[in-house]
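Quick note on numbering that gives the first Met the number 0: the first sequence kicks off at 0 and runs consecutively.
The hints are simulated quantities; they were obtained by calculation from the structure and are not laboratory data. Don't take every hint at face value.
Listed below are the simulated EDC-like cross-link pairs for lysine to aspartate or glutamate, each with C-alpha atoms no more than 16 Å apart in a straight line [said to hold, decoys possible]: (1) Lys-149 <-> Glu-109; (2) Lys-6 <-> Glu-57; (3) Lys-21 <-> Asp-100; (4) Lys-1 <-> Glu-109; (5) Lys-6 <-> Glu-66; (6) Lys-1 <-> Glu-70; (7) Lys-6 <-> Asp-28; (8) Lys-6 <-> Glu-126; (9) Lys-102 <-> Glu-66.
Derived Cβ-Cβ restraints for the label pairs, each shown as a range [stated by the list, open to error]: (10) Leu-148 <-> Ser-54: 13 to 21 Å; (11) Asn-37 <-> Ser-82: 17 to 25 Å; (12) Lys-102 <-> Arg-31: 16 to 24 Å; (13) Asn-37 <-> Gln-91: 17 to 25 Å; (14) Arg-130 <-> Arg-80: 31 to 39 Å; (15) Asp-79 <-> Leu-113: 17 to 25 Å; (16) Lys-123 <-> Glu-70: 26 to 34 Å; (17) Ser-118 <-> Asp-79: 39 to 47 Å; (18) Arg-31 <-> Ala-108: 27 to 35 Å; (19) Leu-150 <-> Ser-20: 23 to 31 Å.
Since this is a predicted model, take the numbers as computed values, not measurements. No residue lacks a Cβ here, since even glycine has one placed at the ideal position from N, Cα and C.
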Amino acid sequence: MKYWLVKSEPDCFSIADLAKSKRQTTCWDGVRNYQARNFLRDEMRCGDQVLFYHSSCEQPAVMGLCEVVKEAYPDHTAFDRDSDHYDPKSKQSDPTWMMVDIKLVRQFAEPLPLEKLKSVAGLKEMELLRRGSRLSVQPVTRPQFDLILKLAK
DNA sequence: GCCAACGTTGGC
DNA sequence: GCCAACGTTGGC
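Generate the whole structure from the sequences, applying the supplied hints.
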């Protein structure tokens with residue numbers, strides 16, 4: 000099993016929005032970065048555990064835990080002229096962009112702020128904390144993942 | 001294939 | 001709103 004962290008701007012789609020979604024499940028659309036796409040497409044498997052992170056907001060934080068419930072399939076928003084994520088270069092016959100479905104497992108009782116993560120010795124190597132890191136879908140190691148769940152209690 | 005210009009991300 | 005870091009684009 001693998002472990003991941005995905006970023007979302009809460010103004011756009013928050014963990015509360017996920018909690019309100021049908022079956023507490025959403026398609027993770029709009030990823031338009033090749034490295035992130037490759038993780039989604041090539042490595043994410045059903046049952047993988049996913050940390051849900053709020054970015055570009057007042058308090059950037061890990062908000063809860065999700066899991067992958069559907070593996071990669073074409074991101075239809077890339078074909079939609081009216082979508083913010085429209086990409087004319089992605090063709091139905093050969094889709095450039097993919098998405099997975101994730102389901103909420105549980106929201107943390109308290110957000111686990113970025114500021115806190117920075118102070119934890121065992122998380123020094125996290126991709127999230129790397130200077131200039133912008134990956135919106137990123138792998139998390141098992142020890143990092145376990146530590147974050149422990150901190151979230 | 002290089003690299004400057006530009007656009008985006010995301011913390012602060 | 002600022003700005004550093006990064007990714008992409010496109011001329012050459």
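Hint numbers the structure violates, sorted upward? Hint check: 4, 15 fail, others pass.
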